[in-house]
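Listed here are the chains, written in short residue letters.
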Amino acid sequence: MKRAMIVGFCLLAAATFAGEWGLLLPGPYPGPGPAGPEKHSKFFVVTVPVVGGEAEVALPLTQPKGAVVVVLGDKPARASVAGKPLRYQKFDEPELETMDVSPKGVRVDVSALPPGEHRLRLEGLSKPVVQVAVNEPESPVELSVQVKPLAARSGETVVVTANVADDGPVAEAQVVARLSTGVRLALRDDGQGADEKGGDGVFTAAFVAPETPGMAPVELRVEAAGRRASGERFVRMAPAAVMVAKPASGIAERGVAVSPEALVVPLLPASGRFRVEVLYAAEGQSFAWAQEEVTLAGEGVAVTLPRPRESWGADKALVRLLNLDTLGVEAELELPLTPLSAPPDFRALAQRAPELPPSKAEAARRFGDRKP
Amino acid sequence: MRRWFAAFLVSACLATPLLAKTGVALVHGKGGADLANPSVAWEYWGTDMIKAVTKNYTVPYVVCHYDGTKYMWVAASQVAQQLYDFITQQGITDLVIDTHSFGGIVIRWIFSNPTYDWRYPTIIQKTRWINSIAAPQKGSEAADLAGTLSGSWLTGWLVDLVGENTDSTRNCRTDWMAYYNQYYLKGTAGRPALPKTVYWISGWGLWNDYWWTFHYQDIGLATLSGIAGLPGEDDGMVAEYSAQAVGVQWFRTEANHHHNRRNDFRAIGTALSTDF
Chain A
1 MKRAMIVGFC
11 LLAAATFAGE
21 WGLLLPGPYP
31 GPGPAGPEKH
41 SKFFVVTVPV
51 VGGEAEVALP
61 LTQPKGAVVV
71 VLGDKPARAS
81 VAGKPLRYQK
91 FDEPELETMD
101 VSPKGVRVDV
111 SALPPGEHRL
121 RLEGLSKPVV
131 QVAVNEPESP
141 VELSVQVKPL
151 AARSGETVVV
161 TANVADDGPV
171 AEAQVVARLS
181 TGVRLALRDD
191 GQGADEKGGD
201 GVFTAAFVAP
211 ETPGMAPVEL
221 RVEAAGRRAS
231 GERFVRMAPA
241 AVMVAKPASG
251 IAERGVAVSP
261 EALVVPLLPA
271 SGRFRVEVLY
281 AAEGQSFAWA
291 QEEVTLAGEG
301 VAVTLPRPRE
311 SWGADKALVR
321 LLNLDTLGVE
331 AELELPLTPL
341 SAPPDFRALA
351 QRAPELPPSK
361 AEAARRFGDR
371 KP
Chain B
1 MRRWFAAFLV
11 SACLATPLLA
21 KTGVALVHGK
31 GGADLANPSV
41 AWEYWGTDMI
51 KAVTKNYTVP
61 YVVCHYDGTK
71 YMWVAASQVA
81 QQLYDFITQQ
91 GITDLVIDTH
101 SFGGIVIRWI
111 FSNPTYDWRY
121 PTIIQKTRWI
131 NSIAAPQKGS
141 EAADLAGTLS
151 GSWLTGWLVD
161 LVGENTDSTR
171 NCRTDWMAYY
181 NQYYLKGTAG
191 RPALPKTVYW
201 ISGWGLWNDY
211 WWTFHYQDIG
221 LATLSGIAGL
231 PGEDDGMVAE
241 YSAQAVGVQW
251 FRTEANHHHN
261 RRNDFRAIGT
271 ALSTDF
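Chains A and B, in that order, are what the protein sequence lines are.
With this note's numbering, the residue at position 156 of the first sequence is 156, and numbering never jumps.
With this note's numbering, the residue at position 253 of the second sequence is 253, and numbering never jumps.
Check each hint, because a few of them may be wrong.
Below, a list of computed lysine-lysine pairs in the DSBU-like style, where the Cα atoms sit at most 30 Å apart [stated by the list, open to error]:
hint : chain 1 : residue 1 : chain 2 : residue 2
1    : A       : K360      : B       : K21
2    : A       : K104      : A       : K127
3    : A       : K360      : B       : K55
4    : A       : K246      : A       : K360
5    : A       : K65       : A       : K371
6    : B       : K55       : A       : K371
7    : A       : K148      : A       : K127
8    : A       : K84       : A       : K65
9    : A       : K316      : B       : K55
10   : A       : K148      : A       : K316
11   : B       : K196      : B       : K21
12   : B       : K196      : B       : K51
13   : B       : K21       : B       : K51
14   : B       : K55       : A       : K75
15   : A       : K65       : A       : K127
16   : A       : K360      : B       : K51
17   : A       : K148      : A       : K197
18   : A       : K65       : A       : K90
19   : A       : K371      : B       : K51
20   : A       : K246      : A       : K148
21   : A       : K360      : A       : K371
Computed footprint of chain B on chain A, listed as stretches where at least three residues anywhere in the stretch have a Cβ under 8 Å from a Cβ of chain B [to be verified]:
hint : segment
22   : 26-38
23   : 124-136
Just so you know, the hints here were simulated from the structure itself, not pulled from any lab data.
Model, not experiment: these values are computed from the prediction.
Here a beta-carbon is modelled for each residue, glycine too, at the ideal position from N, C-alpha and C.
The following block holds chain B by itself, in its conformation from the complex (with noise of 0.2 Å):
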């Protein structure tokens, strides 16, 4: 009988690992309201990237779609409905989250605050951890910019013509980070740990494919860079420094903010697949 018992023992924990299933979850980083639509958070990624984080589409994956102009916690209840039905309704185990700059800041919010909201429980629960691709944990100075240029020290007329803020442009700023991180967030040194581990890739090129096709665009991350004084290495839009805040290193990359979210001038994408 003892003998019996053992067996089953010994099987039960050979077979458990063996009934785990893996999926993965891409979270977008901030951006427009449109973001909220699934086919515009797609294209955030490419088809090439979400083709190679899932093995050709062999791992079960949801593309998470949320409002790109809200607040973390905001944006953190739609994506946890997102990743609640992915894991539930597909019987997901062993879930991996892919995050891009923001999309890192409002998985943290999930992950800090797990009373916050009754879905959070499970996904910290059925997460076996976090791949952060330049997320601004402190901050980012490209945000304090934006915060500079913005209507709101205008007066009369001129105010309309510059525009303001989205409100995930002001969580950026790094004033609002070091609040968020000294009392509501985890993870930062002086901090309650996250309860999954976090690990983090940043960025710090700039001039990626200046040379051969997107130079326009590679200028304006370059011009974004020198103009905030992101201080340090950085990606065009965010500081090496405030990407490294949160977790264990995995790699830096010389993808700028552009191409650190596809499988174009650096195989990203291929990189977060080695998970599965």
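For reference, chain A alone in the conformation it holds in the complex (with noise of 0.2 Å):
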């Protein structure tokens, strides 16, 4: 009776100021300091200047069957390689510039070259550079790229790996990453620093987050170039971000104190909107959550989440602090729990299929188109 009126003088102060709980949308549980999305790669883009209207692009061309090989941004009158025309199509496309992708452009046809690198001649071009892109979806050459952790703070580590895949061993593989501080980064397979093993295909760097006001992404290109056991030369490269905050609060010392009924969350002092949240997880599955808004002037407070009922089958609670100012991601820290229950059946959960009011299943069977 004493626990029951407990959680429900909980329930209505945080209600009064409005936390929200309740159960989540099943999903893998991510655990502090999450890693970036994995990005793979079969492009390269070459940027080169026009001199008399006239461009030479080399081109390491892996499998050129299937390729898409683009000029971006001009519409040359003539492309070639070794003096041989080839077939391109020219393109105006408007939506493309919703993507901030130039909408002009000229698409080449080059199906019916060899593997191998090639030098593209472009010529009749308008602007004084050209951009041309390339992605070799047929390709075996792919470069894989993932950052951790997404979201850091200024002063930690993050850890950028990367992995050239072919269909054989690759003979030779730099790999840089220019990162958008200026920073240029050699990523290593030599089981040195932040590489784990030396020689095991799996190129790895560090940088330490830097300084930033409020939130800021550091974004990083990462660039592979090198030789097949062919012989051929690859180039490849893929895009990352990782987002940097300097907490302007943070989670005390004393740490937070968990109870059946609540958690409480000691914040440091500070200024301004944070929201803390707290996810609930059992057998590696997010289920419920909780979280609670506050605003400071320059003092701490200890803030105080009511459990759901929902999260006594958790065995571990990952309590996050943002900053509603900067969006910036300022704490996480990761609790262990003793199961007070059974958790809640995840299946039975991620399978209940919402099912679509009448009006709309009968607009999805006039509408809706089947891929053949």
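Quick one: dock chain against chain with the hints and give me the complex.
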């Protein structure tokens, strides 16, 4: 009875301060500092200056069949390799501008070329610089890139990993990451520094997240170049980003107090709007959450988040402090919990497919297309 | 007395739906700063689309217009004012929101962060549901490509010639959306549910009217799809896995990103009008 009254009071108090809680859409438990998405690239771009309306672009093609080669931002009058003209199609799609891609360009057909390095000669160009972008979807040479963590605090270490895959061992590869801060990182596969194991094909480098006002991204362009076992040259590029925050607050050293009824999260003195979010998980699945928001004016505060009854089956909780002014992530903390009951049935929750209202179901039948 | 009271309750319950005033809002995607101009936002959809969605203008409507180069929370502020004015000035109690592309992200920001802005709770409360056409909920590889092509990575005089990305394009990159999905947005797996249901429409066609009219345009979208390496099926700008990451399936369409905000290649507007 006493416990019920305490829970009831906590829920009422939380409601007063606009807290939210409940079950989640079930999903993998991310843990503190999850990695960014893994990028896979069979793409590279070459940017060269135009002299007298002409440009010569070196293209190391590993699989010209099915390759998409595009001259962006200009429409050359002629495209050729070793004096032989290549077929091309012009395009003009204003829609591309919505993604900041040049709406005008030319798609060059290279499918008849053999694998190897080719010098693409472009004539009749009108701009002082030309970009040629190449994607080789049917090539086995693929660059994979991942950055961890996705959200870092200034001063924390960020690890960049890259892998060059081919249908056999790669004879030679150099991988570098260009950072938007101006730093150029050489990724290594020698088992030194941030690289865990030498010669395993996984290239690694680390950098320290820079000081930043509030929150700002550090963007990366990872470039891999080298030779395949057959001797052909290859180039691949992939983008990535890490969001860096300079914390204004933080979770006080005395840590989070846990009880069956609530979590109490002590925040360091700060000014601004903050959100404390808790994700509850069991068996590697997040399934319940609670959040509370506070506005601080230079003081510290202990934020109480009532534990939803649904969370009692959790074996861990992830506490996050978010800054609503900068949209940065100020702190992430994992807490072990003693389960107080059995966790909910995740599979049943995940498989509970919502039904369409009848009008929408009818519209879906009338207007939906089925891909042949 | 008890009978009168029961009759009153029954009539009140019956009358409530009759008193509901329905409206529809259209929220466009990203683009230029001139999308803050109402006439440019109107052209984004096209008259045929707006006419179809509103059943020949019989359903009260607002065509939102915001600077298409800004981050989602900046765009959301502009959109929120227009939605709030529409709701309060027209007495709308049953709002359906139709979004295209980045417009779906802008609206998801509002519905994920009700305390961020004083106008958001009213909008959320008065909304019936959201129809989200081809929204890059997990980002778009086309925006990643734009980042790789931008001048940020070049040195010297080449920088100014290639150009930079806008804030909204950065917002649509897959890393950025992974970040916001992880920490600030609701509706994806492992995150809290949105307070109102999202019904998604995703596109998988590329060469829509290539053989009849706009073939230069369709070559452009198909080329972008090929060069950006959009995984799986896509509409030239947004992969289906991304458009389908939030909400409940409504239907898939062959209309590409150029056509799935219009009522021409497929009757998307007529489909949306079945909500009324």
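message: Check the hint pairing K148 of chain A with K197 of chain A against an upper bound of 30 Å on the C-alpha distance.
response: Distance ~17 Å between K148 of chain A and K197 of chain A Cα, so the pair holds.
message: Next pair to validate is K360 of chain A with K21 of chain B; report whether the Cα-Cα distance is within 30 Å.
response: Holds, at about 20 Å.
field: 30 Å Cα cutoff - pair K55 of chain B, K371 of chain A
entry: Holds, at about 29 Å.
Given hint K55 of chain B paired with K316 of chain A - CA-CA distance at most 30 Å: violated (52 Å)
task: Would you check the hint for K196 of chain B and K21 of chain B, treating anything up to 30 Å between C-alpha atoms as holding?
output: The hint holds at about 18 Å.
- prompt: Is K148 of chain A close enough to K127 of chain A, meaning Cα to Cα at most 30 Å?
  reply: Violated, at about 39 Å.
task: Mind checking the alpha carbons of K84 of chain A and K65 of chain A for me, to see if they're no more than 30 Å apart?
output: The given pair, whose Cα atoms are some 17 Å apart, holds under the 30 Å limit.
query: Going straight from one Cα to the other, do K65 of chain A and K90 of chain A come out at no more than 30 Å?
result: holds (20 Å)
message: With the threshold set at 30 Å, check whether the alpha-carbon distance from K21 of chain B to K51 of chain B stays at or below it.
response: Holds, at roughly 19 Å.
query: Is it true that the CA of K65 of chain A sits at most 30 Å from the CA of K127 of chain A?
result: It holds: about 29 Å lies between the C-alpha atoms, which stays within 30 Å.
query: At a Cβ distance under 8 Å, does chain B reach at least three residues of the segment 124-136 of chain A?
result: holds (count 7)
query: Under the criterion that the straight-line Cα-Cα distance not exceed 30 Å, is the pair K104 of chain A, K127 of chain A satisfied?
result: holds (12 Å)
The earlier numbered hints that this structure contradicts are 4, 7, 9, 14.
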